[in-house]
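A.B. asks: As a plain string of letters, each chain reads:
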Amino acid sequence: KAGVTQTPRYLIKTRGQQVTLSCSPISGHRSVSWYQQTPGQGLQFLFEYFSETQRNKGNFPGRFSGRQFSNSRSEMNVSTLELGDSALYLCASSRDRVGTDTQYFGPGTRLTVL
Amino acid sequence: SQQGEEDPQALSIQEGENATMNCSYKTSINNLQWYRQNSGRGLVHLILIRSNEREKHSGRLRVTLDTSKKSSSLLITASRAADTASYFCATGNTGGFKTIFGAGTRLFVKA
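Taken in order, these protein sequences are the chains called P and S. Residue numbering for the first sequence is 1 to 114, as defined by our numbering. Residue numbering for the second sequence is 115 to 225, as defined by our numbering.
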């Protein structure tokens with residue numbers, strides 16, 4: 001079974017730009033969650049999508065948004081990038097709702113904002 | 115604030131020794147998971163232990179859970195240089211669909 005894939009793996013953007021990250025979950029998994037990882041804040045939960053609906057959201061500004069498609073693939077968008085958005089963005093998939101089952105993580109997208 | 119707090123923050127041992135990491139949490143949980151992360155990469159799931167379980171094994175890994183103390187430990191026996199990584203605990207909380215990660219323990223195994 002193929003694992004969770006994330007594209008692109010690396011991104012360099014400048015302040016004010018927007019970015020879209022993509023995540024393909026493991027086949028059959030309906031939940032996709034996104035996390036931001038930085039050295040200072042650790043792993044922070046962004047949001048969870050389940051059956052194409054955002055079910056949970058972490059404490060992030062509205063510049064961070066996402067969506068999930070009918071095939072469970074998910075995209076995350078960050079608008080008006082700030083320097084502090086530089087981070088490793090991880091997505092994870094699970095069969096059921098986050099927190100109830102094992103999450104499988106992708107390799108991450110390393111975003112650098114200049 | 116983080117729910118899971120790992121202890122110690124960093125651990126350095128010799129190959130062949132055992133490594134023990136602890137995790138404490140604050141609220142009621144459905145399950146607790148341990149993950150490993152090699153530098154700058156994605157997290158690899160190690161073990162999930164449910165709130166009604168006390169101990170679980172997987173290869174060289176042993177996880178215990180004490181819900182009365184709200185704590186868990188991860189024991190890696192006969193460690194290898196390849197075990198060098200950061201280890202995170204994550205709690206699946208009751209009353210809401212969330213997984214909250216701790217800050218992690220950095221393990222360094224010297225060959």
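Incorrect hints may have been included.
With the C-beta cut set under 7 Å, the calculated list includes, among others, these residues of chain S facing chain P [stated by the list, open to error]:
| id | residue |
| --- | --- |
| 1 | Leu160 |
| 2 | Gly206 |
| 3 | Phe211 |
Simulated from the structure, these hints should not be mistaken for lab results. Here a beta-carbon is modelled for each residue, glycine too, at the ideal position from N, C-alpha and C.
A.B. asks: Hint by hint, say whether it matches the structure.
C.D. replies: Here is how each hint holds up against the structure:
Restraint check, Leu160 of chain S versus chain P: the minimum CB separation of about 10 Å is more than 7 Å; hint violated. Checking Gly206 of chain S against chain P: minimum C-beta separation of about 4 Å stays under 7 Å; hint holds. Restraint check, Phe211 of chain S versus chain P: the minimum CB separation of about 4 Å is within 7 Å; hint holds.
The structure shown violates just one earlier hint, number 1.
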